[in-house]
Amino acid sequence: MPLTNISAETIAELFYNNWISRYGTPCKLITDRGSQFTAETFQVLSKICGIKLQHTTAYHPQSNGKIERLYRTLKTTQKAHNNVSWSETLPTVLLGLRTVIQENHNHSIAEMVYGQNIRLPGEFVCEPSIRTISESCFIQNLRNHMENIRPKKNRQITSQPIFVHKDLKTTSDVFLRIDRVKKQLEPPYQGPLEVIERNEKYFISKIKGKEINVLTDRLKPAYILPENKTLKSTNDNSNKIETQIKGQTLITK
1 MPLTNISAET IAELFYNNWI SRYGTPCKLI TDRGSQFTAE TFQVLSKICG
51 IKLQHTTAYH PQSNGKIERL YRTLKTTQKA HNNVSWSETL PTVLLGLRTV
101 IQENHNHSIA EMVYGQNIRL PGEFVCEPSI RTISESCFIQ NLRNHMENIR
151 PKKNRQITSQ PIFVHKDLKT TSDVFLRIDR VKKQLEPPYQ GPLEVIERNE
201 KYFISKIKGK EINVLTDRLK PAYILPENKT LKSTNDNSNK IETQIKGQTL
251 ITK
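Everything in the sequence shown is counted per full-length UniProt numbering, starting at 1 for the first residue and increasing by one.
To be clear, the hints were calculated from the coordinates, so they are not data collected in a lab.
Note that CB positions come from ideal geometry on N, CA and C, so glycine has one too.
One thing to keep in mind: the hints can contain errors.
As a list, the in silico BS3-like pairs of lysine-lysine whose alpha-carbon atoms are at most 27 Å apart [claimed, not checked]:
| # | residue 1 | residue 2 |
| --- | --- | --- |
| 1 | K183 | K206 |
| 2 | K182 | K220 |
| 3 | K47 | K79 |
| 4 | K169 | K183 |
| 5 | K52 | K206 |
| 6 | K166 | K183 |
| 7 | K52 | K66 |
| 8 | K183 | K210 |
| 9 | K28 | K201 |
| 10 | K28 | K210 |
| 11 | K166 | K210 |
| 12 | K79 | K28 |
Between beta-carbon pairs, the in silico distance windows are [said to hold, decoys possible]:
| # | residue 1 | residue 2 | range |
| --- | --- | --- | --- |
| 13 | E123 | Y189 | 54 to 60 Å |
| 14 | H105 | L225 | 53 to 59 Å |
| 15 | I30 | T4 | 33 to 39 Å |
| 16 | K52 | S85 | 35 to 41 Å |
| 17 | T76 | K166 | 37 to 43 Å |
| 18 | Q102 | S136 | 28 to 34 Å |
| 19 | Q62 | T38 | 18 to 24 Å |
| 20 | L14 | R177 | 18 to 24 Å |
Assemble the whole structure, with the sequences as input and the hints as a guide.
Here is the structure:
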């Protein structure tokens, strides 16, 4: 749906008015780490509706591969219409995407949502109505039909093996690779960062005071001498004490 902005308020209102009101409340919602999804407005809406929010890791579009693939197809299709506003061609493009047969389960998106194929402009022959039977039989047949729709196992796309340093299993600090466009002479890694929690595919590290999920293929171990780590801990404690003192009024005789 075309939007004038992607603020948290706009996205939350659009999600409620155009998705929840039509299809109901999802149990889980997977989004990227955009500010509109991490803002308090969207968090409160999800909590009220009982939706479990799950954010993908940074710089890893494969975590939400179906949506990313759909965007790619959508952009490619839009480019086929020259000298036309994209917002005007969007409904026609979406109509085509919703009626095309999906390779992994041999059904269209429209058929999976409505239980039957929708009629397209230019069709000369109309299929006979399937509502000649009673409503109860129709609903039961629809349920049986939806149960038989099972996606085929996706073909595994071979890729180059990802190198993960073995010392990541034991190191207490890591360096994080910077994947965004870097400035001139900017180091390729930031850190060292403290490891808060380890998982098989991602670590939880503290970056600028916030705990962030980071994929292991973006990390490398940081080898810090014990005396340097003790000095860093002492400096951190000193900074905390200094901050607390600044926030208080000291009275001396």
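Hints and how they fare:
1. K183 - K206: Cα-Cα ~23 Å, so holds.
2. K182 - K220: holds (19 Å)
3. K47 - K79: violated (39 Å)
4. K169 - K183: violated (31 Å)
5. K52 - K206: This hinted pair holds, its Cα atoms lying about 23 Å apart.
6. K166 - K183: Violated, at roughly 30 Å.
7. K52 - K66: holds (19 Å)
8. K183 - K210: The given pair, whose Cα atoms are some 24 Å apart, holds under the 27 Å limit.
9. K28 - K201: Cα-Cα ~21 Å, so holds.
10. K28 - K210: Distance of about 23 Å is within 27 Å: holds.
11. K166 - K210: holds (26 Å)
12. K79 - K28: Not OK: K79 and K28 at ~33 Å, beyond 27 Å, violated.
13. E123 - Y189: 54 to 60 Å: holds (58 Å)
14. H105 - L225: 53 to 59 Å: Since the Cβ atoms of H105 and L225 sit about 56 Å apart, the hinted range of 53 to 59 Å holds.
15. I30 - T4: 33 to 39 Å: With Cβ atoms ~25 Å apart, the hint is violated.
16. K52 - S85: 35 to 41 Å: With Cβ atoms ~37 Å apart, the hint holds.
17. T76 - K166: 37 to 43 Å: holds (41 Å)
18. Q102 - S136: 28 to 34 Å: holds (29 Å)
19. Q62 - T38: 18 to 24 Å: For T38 against Q62, whose Cβ atoms are near 20 Å apart, the range 18 to 24 Å holds.
20. L14 - R177: 18 to 24 Å: Violated - the Cβ-Cβ distance for L14 and R177, about 34 Å, lies outside 18 to 24 Å.
Consistency with the previously given hints fails for numbers 3, 4, 6, 12, 15, 20, ordered from lowest to highest.
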